[in-house]
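K.L.:
Chain U: place on chain H using the hints.
There are 2 protein chains.
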Amino acid sequence: MDMWLHTANGQVNLRVSRQLYTVQSEYQTIEIFESPEYGRLLVLDGDVIFSRSDEFIYNEMVVHVPMAVHPHVKKVLIIGGGDGGVARELTAYADIEEIHIVEPDQVFVEACKTYFPETAQSFDDPRVQLIHRDGLRYLRGRQGEYDLIISDSTDPFGHTAGLFTKEFYGSCYRALREDGILVYQHGSPFFDEDETAFRSMHRKVYHSFPISRVYQAHIPTCPSGYWMFGFASKQYHPVTDCNPQRWQARNIKTWYYTTNLHRGAFMLPKYVEDLLKEAEAK
Amino acid sequence: MDMWLHTANGQVNLRVSRQLYTVQSEYQTIEIFESPEYGRLLVLDGDVIFSRSDEFIYNEMVVHVPMAVHPHVKKVLIIGGGDGGVARELTAYADIEEIHIVEPDQVFVEACKTYFPETAQSFDDPRVQLIHRDGLRYLRGRQGEYDLIISDSTDPFGHTAGLFTKEFYGSCYRALREDGILVYQHGSPFFDEDETAFRSMHRKVYHSFPISRVYQAHIPTCPSGYWMFGFASKQYHPVTDCNPQRWQARNIKTWYYTTNLHRGAFMLPKYVEDLLKEAEAK
Chain H
1 MDMWLHTANG QVNLRVSRQL YTVQSEYQTI EIFESPEYGR LLVLDGDVIF SRSDEFIYNE
61 MVVHVPMAVH PHVKKVLIIG GGDGGVAREL TAYADIEEIH IVEPDQVFVE ACKTYFPETA
121 QSFDDPRVQL IHRDGLRYLR GRQGEYDLII SDSTDPFGHT AGLFTKEFYG SCYRALREDG
181 ILVYQHGSPF FDEDETAFRS MHRKVYHSFP ISRVYQAHIP TCPSGYWMFG FASKQYHPVT
241 DCNPQRWQAR NIKTWYYTTN LHRGAFMLPK YVEDLLKEAE AK
Chain U
1 MDMWLHTANG QVNLRVSRQL YTVQSEYQTI EIFESPEYGR LLVLDGDVIF SRSDEFIYNE
61 MVVHVPMAVH PHVKKVLIIG GGDGGVAREL TAYADIEEIH IVEPDQVFVE ACKTYFPETA
121 QSFDDPRVQL IHRDGLRYLR GRQGEYDLII SDSTDPFGHT AGLFTKEFYG SCYRALREDG
181 ILVYQHGSPF FDEDETAFRS MHRKVYHSFP ISRVYQAHIP TCPSGYWMFG FASKQYHPVT
241 DCNPQRWQAR NIKTWYYTTN LHRGAFMLPK YVEDLLKEAE AK
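Protein chains in written order, with my numbering: chain H, 1 to 282; chain U, 1 to 282.
Treat the hints with care, as some may be off.
Here's a subset of chain H near chain U, in silico, CB distances under 8 Å, partners left out [said to hold, decoys possible]:
#1 G10
#2 Q11
#3 P36
#4 E37
#5 W255
Dumping the calculated DSS-like pairs for lysine-lysine here, alpha-carbon to alpha-carbon at most 27 Å [said to hold, decoys possible]:
#6 U/K113 to U/K253
#7 H/K74 to H/K113
#8 U/K166 to U/K277
#9 U/K277 to H/K253
#10 U/K253 to H/K270
#11 U/K282 to U/K166
#12 U/K253 to U/K75
#13 U/K75 to U/K166
#14 H/K253 to H/K75
#15 H/K166 to H/K113
#16 U/K113 to H/K253
#17 H/K282 to H/K74
#18 U/K282 to H/K270
#19 U/K277 to H/K282
#20 H/K75 to H/K234
#21 H/K277 to U/K253
#22 H/K234 to H/K74
#23 H/K166 to H/K75
#24 U/K282 to U/K75
#25 U/K270 to H/K253
#26 U/K113 to U/K166
Just some of the chain H residues that point at chain U, by a computed CB distance under 10 Å [stated by the list, open to error]:
#27 N9
#28 F56
#29 E60
#30 T196
#31 W247
#32 Q248
#33 N251
#34 D274
#35 E278
Just so you know, these hints were derived from the structure itself, not from any lab.
Heads up, the beta-carbon is just placed ideally off N, CA and C, and yes, glycines get one too.
Next comes chain H alone, as it looks inside the complex (with noise of 0.2 Å):
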């Protein structure tokens, strides 16, 4: 018998064939389905978070976008992340040496460890470090230490809320290297009533670091299928310092990014393009 799985905004609809996992843990209510279309669904205080028929799309767009700019990346910090699909992609860089995953949902990392194998197997790499902290308090005094900073982390609601804030975005600037780039998401601009969150994210970043710039992808299990990432920089810009022939010979396999689409993400409709021109005039 089928099942509906609504969000509460109504912005999110998927069929569900069975409930695998639920449980409530410290941080966050946590739930695991199969859906007929989008096969295994991860669920998190009612929003579907990913699927593993889509998980590919996210993860290496904000992997591959800013590992195609950067020349050099050693050191690399991902804040929220527990489910290990960021971590899996930066795995595929002979070149990155330390990958420190600071996810302070123990319960959640454990789910996925047993549920979504083929993203969680990214803890078996021996550069990668689980850190069970809250993202905002770790980041507190670290200075220069990262090359690349992405904010893996679920909406601006609940318990990662500080994780949009203005002290957040102070906070990832100085813990980044003199050339480090932070990526993270940036939500989707469709409905009018995620237009306030979607410009408040940019002002916020826009006057924090001298290069920001937001870029889309196609990812069907979200609201509207249509999603975007930030990607904030203190020297590279991610377009003309993107080197297509430096990312092409390290020969990586990906199923969504090329550094053709690369260029292209960063080509948006009119209508996300006034919304940041209006948050950049404030």
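P.N.:
Below, chain U without anything else, positioned relative to chain H:
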């Protein structure tokens, strides 16, 4: 009370608050709903065709992409298009002289006039001529008549199946002038079950036209939120022959299209590039 609209294949699931209209025409079942998330919604034979909140994306992308490439479009044929949305975008171009809409279903046109006046307004333009005929029959025998053909038909099943055959693309080729362009909807490539139709469509067009490229847009109410269009052409290349200055000088108001996004729309995910290459090799 909320009701849910689920397409038979499980790919599109939306909340609807009420049904405004339903009729069985000679060609199809036509239903119109109100949706809290997407506004007024058109459903044909159980498939969501467009909503008030996102029709601008589809209509802008099938019109402005070829119009920014072709330097002198005077006469346009729309196959299908009974809602008037494609014609509305075309009427913004002062130098277009004739717009022929070949839409067999008169009941559908009347429903759109009543429930979607913002798209059907184009029927009032004196350059727009509505022809109630089958698209394939209309095309047969026509030669060198149109600068631009836009195939705005529903899926390759049911009464519109003839609009996705080798004969159809060949007829379009003949009906176009020596530098004509055909734009057609290419479906969504995300779900495995749609892959075969996607490949087959590209293979037919690739062998019918000297230039054939596929481009993308994010359309929330389409399956997986991701939709593709085909650009088939006798002379003009969709990217290298795009003229941003000429298009911008026309001062046409858009919400989605820009000449920058135009270029990015042809930069595709790797899995889509792979599908197209496989189709071309056969």
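K.L.:
Give a verdict on every hint.
P.N.:
Evaluation of the provided hints:
1. G10: Interface hint status for H/G10: holds (5 Å vs cutoff 8 Å).
2. Q11: H/Q11 check passes; min Cβ-Cβ to chain U is 6 Å, inside 8 Å.
3. P36: Constraint on H/P36 satisfied, holds at 6 Å.
4. E37: The hint holds - H/E37 has a Cβ within 8 Å of chain U, the shortest such distance being about 5 Å.
5. W255: 5 Å, holds
6. U/K113 to U/K253: Holds - the C-alpha atoms of U/K253 and U/K113 are around 23 Å apart, at most 27 Å.
7. H/K74 to H/K113: At roughly 26 Å apart (the allowed maximum being 27 Å), H/K113 and H/K74 satisfy the hint.
8. U/K166 to U/K277: 19 Å, holds
9. U/K277 to H/K253: 17 Å, holds
10. U/K253 to H/K270: Within the cut-off at roughly 10 Å; holds.
11. U/K282 to U/K166: 15 Å, holds
12. U/K253 to U/K75: 21 Å, holds
13. U/K75 to U/K166: 24 Å, holds
14. H/K253 to H/K75: 21 Å, holds
15. H/K166 to H/K113: 33 Å, violated
16. U/K113 to H/K253: Violated, because 50 Å separates the two Cα atoms, which is more than 27 Å.
17. H/K282 to H/K74: Outside the cut-off at roughly 36 Å; violated.
18. U/K282 to H/K270: Distance ~38 Å between U/K282 and H/K270 Cα, so the pair is violated.
19. U/K277 to H/K282: 46 Å, violated
20. H/K75 to H/K234: The hint holds at about 16 Å.
21. H/K277 to U/K253: 17 Å, holds
22. H/K234 to H/K74: Measuring from Cα to Cα gives roughly 17 Å; hence the hint holds.
23. H/K166 to H/K75: 24 Å, holds
24. U/K282 to U/K75: Judged against 27 Å, a Cα distance of about 34 Å means the pair is violated.
25. U/K270 to H/K253: Holds - the C-alpha atoms of H/K253 and U/K270 are around 10 Å apart, at most 27 Å.
26. U/K113 to U/K166: 33 Å, violated
27. N9: Check passed: Cβ of H/N9 comes within 8 Å of chain U, closer than 10 Å.
28. F56: 9 Å, holds
29. E60: Holds. Min distance 9 Å.
30. T196: 17 Å, violated
31. W247: 13 Å, violated
32. Q248: 12 Å, violated
33. N251: The hint is violated - H/N251 has no Cβ within 10 Å of chain U, the shortest such distance being about 14 Å.
34. D274: Holds: closest Cβ of chain U sits about 9 Å from H/D274, inside 10 Å.
35. E278: Status violated, d = 14 Å.
Checked against the numbered hints above, the structure breaks hints 15, 16, 17, 18, 19, 24, 26, 30, 31, 32, 33 and 35 and satisfies the rest.
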